[in-house]
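Chains A and B, in that order, give the protein sequences. Quick note on our numbering: the first sequence kicks off at 1 and runs consecutively. Quick note on our numbering: the second sequence kicks off at 1001 and runs consecutively.
Bear in mind the hints are in silico, worked out from the structure with no lab data behind them. One thing to keep in mind: the hints can contain errors.
What the hints assert, rightly or not - SDA-like cross-link-like pairs, simulated, lysine to any residue; straight-line CA separation at most 20 Å:
no. : chain 1 : residue 1 : chain 2 : residue 2
1   : B       : K1003     : A       : T102
2   : A       : K9        : A       : G28
3   : B       : K1003     : B       : T1101
4   : A       : K95       : B       : N1057
5   : B       : K1003     : A       : E75
6   : A       : K95       : B       : H1049
7   : A       : K95       : A       : L30
8   : A       : K57       : B       : H1049
9   : A       : K57       : B       : G1103
10  : A       : K57       : B       : T1101
11  : A       : K95       : B       : P1092
12  : B       : K1003     : B       : Q1107
13  : A       : K9        : B       : L1039
14  : A       : K57       : B       : P1092
15  : A       : K9        : B       : P1040
16  : B       : K1003     : B       : R1093
17  : A       : K9        : B       : Q1038
18  : A       : K95       : B       : G1103
19  : B       : K1003     : B       : S1104
20  : A       : K95       : B       : D1031
21  : A       : K95       : B       : E1045
22  : A       : K57       : B       : R1077
23  : A       : K9        : A       : T114
24  : A       : K95       : A       : E75
25  : A       : K95       : B       : T1101
26  : A       : K95       : B       : R1093
27  : A       : K95       : B       : G1050
28  : B       : K1003     : A       : Q41
29  : B       : K1069     : B       : Q1042
30  : B       : K1003     : B       : P1040
31  : A       : K95       : B       : Y1032
32  : A       : K9        : B       : E1045
33  : A       : K95       : B       : L1100
34  : B       : K1003     : A       : G58
35  : A       : K57       : B       : R1093
36  : A       : K95       : B       : Y1046
37  : A       : K57       : A       : L88
38  : B       : K1003     : A       : Q44
39  : A       : K9        : A       : F64
This one's a predicted model, so the numbers in the text were calculated from it and none came from an experiment.
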Amino acid sequence: DSGVTQTPKHLITATGQRVTLRCSPRSGDLSVYWYQQSLDQGLQFLIQYYNGEERAKGNILERFSAQQFPDLHSELNLSSLELGDSALYFCASSKKNAGAHTDTQYFGPGTRLTVL
Amino acid sequence: DAKTTQPNSMESNEEEPVHLPCNHSTISGTDYIHWYRQLPSQGPEYVIHGLTSNVNNRMASLAIAEDRKSSTLILHRATLRDAAVYYCILSPRSGSARQLTFGSGTQLTVLP
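From just these sequences and the hints, can you work out the full model?
Shown next as structure tokens:
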């Protein structure tokens, strides 16, 4: 158990809908990362937040958005869903602050999104 | 970002050592070498990381070539639970953005 929790574990929805995925980082971790894992694209970085502020963006679609709240939990919002958005979405958190030389990311168990 | 190259798959017998290679010929002097693994139906899991010197922890050892253009993850005694995809990732030493860039990794099969 990494200490990172994600809800829900599974989500089935229809095209055009909007969903929200939630992530609670490990206690004391200030950074939260979101990754998408699909069969054809592998694991891809979407976005990073550090202490409530966006820190880095990857291949995140405009239909997707995220935020990190004052209690440090994070939500990933996916809207106007398409079949191709079906994937595993992982959240990770890291212990050290942004000024450290490197850090370890701890991944949650993921949310499996199926768009029908 | 500097790129890593790993074999697509490897096999090992249970209770034998496993050496998983990674080439990173374009590594910069400030890049850390990280290894993560992903067991079936789970999120990635940190294994080990290093900069220049060889590193050991309870899970594995990391051997880094003197020129840092390659590294090897060593599992001293493979168990069935070690069957996973192993990712070798370079992470810059400085900067606030610490996202991990995953390649396709090495699928390790452990035979009983």
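Give me the numbers of the hints this structure contradicts, sorted from smallest to largest. 2, 5, 8, 18, 22, 29, 30
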